[in-house]
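Read the sequence shown against the numbering used here and you will find it ends at 1407, with the numbers running on by one and no gaps.
Across the chosen pairs, the derived CB separations fall in these ranges:
{"#": "1", "residue 1": "L1092", "residue 2": "P1314", "range": "42 to 52 Å"}
{"#": "2", "residue 1": "E1179", "residue 2": "E1400", "range": "41 to 51 Å"}
{"#": "3", "residue 1": "E1310", "residue 2": "L1092", "range": "41 to 51 Å"}
{"#": "4", "residue 1": "G1067", "residue 2": "A1228", "range": "41 to 51 Å"}
{"#": "5", "residue 1": "G1339", "residue 2": "G1360", "range": "23 to 33 Å"}
{"#": "6", "residue 1": "W1158", "residue 2": "R1321", "range": "48 to 58 Å"}
It is worth saying that the hints were derived from the structure and are not from the lab. Virtual Cβ for every residue (Gly too), placed ideally from N, Cα, C.
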Amino acid sequence: MSPVRRFLVRVLPLLLSALLAGCGAPAPRDGAERDIREAVADWSRTPPEALAGIPLEGWAYEVSAVRRDGAAATARAELRYRLSGYDAAAAGSAREVRLTRDGGRWQVTGDRAAPGALPQLWDQGPVTVVRGAHALVLGVGQEAGTLSAIAAEADRAVPAASAAWPGPWAGRAVVLVPGSLERMAELLGRPAAEYRGMGAVTTGRVGAAPAPADRVVVNPQGWGQLSPSGRGVILTHEVTHVATRAATTATTPLWLSEGFADWAGYRGTQVTPEQAAPALARAVRRGEVPGALPGAEDFAFGGDPEALARAYEGAWLACRLIAGRWGEAALVDLYGRAGREPWPVAVRGALAVDPDALTKDWREALRAEFR
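From just these sequences and the hints, can you work out the full model?
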């Protein structure tokens, strides 16, 4: 064997081994990066003192990347935490932690939402905490009396949602009250115009997995324009979304989700269709009876407000029709089935009619109600 060949036989396996090891193992960290990670770990062992009033548990920052610039550094991290007594699983938040080196040691000097990530409520200022019997209200830039009133409303909304939705759920809610419409939009990562005039919205994942980030977010501007009865309807609507979250999937028609929440909100009140569905009443009297139940696109914000109102009103009246004709248990059964079965199968199983017959009955009910 030639010397060159013997050299290749010995060296190539070593090179290959080194390459394979490099593909599977993380790059070694230098001492400064280890010190930065340790500084973040030490700093984040307990929540900041400013958050002491919030019932936090499982608070931890997991650093994923470090960037140094001389005596300054930035660590990208994932914050995990739970609201004790409210979150079934840890909530997550992408964060950016800033550090400086002082006297040979790295010190954390700031913490904020990572670029492109949604802020936490406490990023907007000091948080005031109000605890109710069934709700936890966290507010920024709000008077304690306002937050206490919202907590009292939430304490009424939770039992109302439970009465409408007998399925299993936690029976408690977290309500966030930012300082303004614009601050609300920041928390949700959407333009403020989409929420103008709305009293509140709900965040969270759909499906059976735990939804730790399920929060009712109040628009202080829209909330202030509501009547006391309107506040009750709105908050019950949003809490009902929390209650039905585990049973709601991508197959659940949006009209059923929104209509059920409105049905829960109006349930037990003396509100009439004429009062609660004025936009749809005007359309029907003009001869513009909808040809089909509202589609997902009909609930998009930023378009024609009259069309959006008709979508919500029509969804509510469809659920009201089902509860009145087939019974409340049938409406609940339809909701549950719609999240796990094809829509035609769900309708036939719960109501013993096909979807076309349900739509026909709904259209006839609209004509009869608003003739």
